[in-house]
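Engineer: Chains A and B, in that order, give the protein sequences.
So for the first sequence, my numbering puts the first residue at -19; every next one is plus one.
So for the second sequence, my numbering puts the first residue at 855; every next one is plus one.
Just to be clear, a hint being listed does not mean it is correct.
[To be verified] Dumping the calculated DSS-like pairs for lysine-lysine here, alpha-carbon to alpha-carbon at most 25 Å:
(1) A/Lys48 / A/Lys(-11)
(2) A/Lys68 / B/Lys876
(3) A/Lys248 / A/Lys238
(4) A/Lys248 / A/Lys229
(5) A/Lys268 / A/Lys238
(6) B/Lys876 / A/Lys112
It should be emphasised that the hints constitute simulated quantities derived from the structure, not laboratory data.
Note that this is a predicted model, so its numbers are computed, not measured.
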Amino acid sequence: MILSVEHLKLHYGQQRALEDVSFSVEAGELFGILGPNGCGKSTMFRVLATMQSQQSGTASVAGFDVLKDPQQVRRRIGVVFQSQSLDKYLTVEENLSSQGHLYGMNGAPLKARVNTLLDKLKIADRRDSIVKTLSGGLKRRVEIAKALLHEPQILLMDEPTTGLDPVARLELWSYLDDLRKQSGITIILTTHMLDEADRCDRLLLMHMGISVACGTPAELKRNISGDVVEIESDDAESLRQGVFLHFDKQPCSVVDGKVRTIVADGAKFVIEAAAAFPNAIRGISYRKPSLEDVFLKETGARL
Amino acid sequence: MNFLLPTWTLWRRDLIRFWREKARVAAFAASPILFWFVIGSGFGNMSTFFPGALTMTVMFAAIFSTMSLIEDRNEGFLLGMLVSPAPRMSLVVGKLLGGATMAWVQSLLLLSMTTVAGYPVDNIVAAAGLLWLIAFSFTALGFLIAWQMNSSAGYHAMMNLVLFPMWMLSGAIFPPSSALPWMRAVMSANPMTYAYSALWQLLDPKADHFASVEYCVAVTAGFGIVLVLISSWIVSRPSTRNAG
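With the rest of the complex left out, here is chain A:
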């Protein structure tokens, strides 16, 4: 266990940011913290990065308590913040060597490490570019190189693909996959995006400062047995009542203007519903549950 959080609590005045959150992460895992904006995941991130103190509970990172030994924790984590942390007036290489100095690295070993990372992240040809001239995707790669410079055991990333175009996003993920294969580093990231959450080994679902569920994406989805059916209609509410009565008090709800229900056999249900409400239905579909459905079931809220 490389990271463990127990009964963490943090309030901003009256506002609850974290309430009794507990989870742990094994070495080598890709662990995701999933939730909508304001769910407490960024606060959790700041506590793990030693940038904020909790009011009660403990968080231990790489074997050290974040409150008692913040310096030891800092040596062992690499952090990629949501906002950029590069000096935009310095070159890529100057940014990386400054970072090395802050971590006590110097001379030939630092130079070698900078070169390695520039090659790995395919930014060696931009080493002398001033950072503000780089694209968003390139800047994010420099951020990652910066975070990995001191060979941390854990890489913490807060919404790492925010603001990146789809191509840059895919490149980033392919790099993270390679990184894990080569180094076995533990990666902990926060996200509100389902496709990213699906890539994680395990996930913590958060909502309003509370941990709602924790497990592998497959485990979480197994909690919903059956298929999710969604029906589009011009008058979703009356259709919902119709479906409820016609299918023997089948629980259903209106989400985003669609009638939504979970049934054992989606294909059969779709055919029956289409036959029963030929005029009210504009479209009907069924699918296997997604993490979004898991989140909806656990919290009643959308991601």
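Add chain B to chain A, keeping to what the hints say.
Structural biologist: Below, chain B alone, put in the same frame as chain A:
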């Protein structure tokens, strides 16, 4: 953990940033001499206001250099710095050295006019050393204020509120000896009074003797050291504001 390496790298960073902004470099070189020339001409002679112009140049340049702390916070660089294991005091001193160096060099440009202003150059090396000390101590004052500020607008308002009264009551406009007793008491509590007095005495043999040069230097140095200690303590406390 190494103390000097983080300090050195932050110092170097500020100087590189400065050098790459050519407009800043030009304004930097021209402003103190222009300032002295205009006010001195107004006074009718170039020497009366010279120590005052020198003090003002070094203090204002030192304090306003900490504006970069607000930029660092808004640009996210500060957060990256704080999440590193570098000793907190090395981060503070690193930031101070950058601002202090620039303020010092700027004041040296004006100090090079000493003979033009009609003063002897006997103590010029000591004066240059003192200017370094003033630059460092007052950058520390700026740092402490800038740390509390979120926006550059609030920063400017705060600096005007603190800085101008401090400078006006430093002896650079009127000496403590001619002030009313209550005003003299206020002036004795102002650290800038000591910095100005020491500088004036080093440049001008006929300067007012407010306190001995040694005493004034000790006050200025003590002021800087206390501020560095307070700053290091404040920086070591986790804060939501760091996260922007």
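Engineer: Please write out, lowest number first, the hints stated earlier that are contradicted by the structure.
Structural biologist: none
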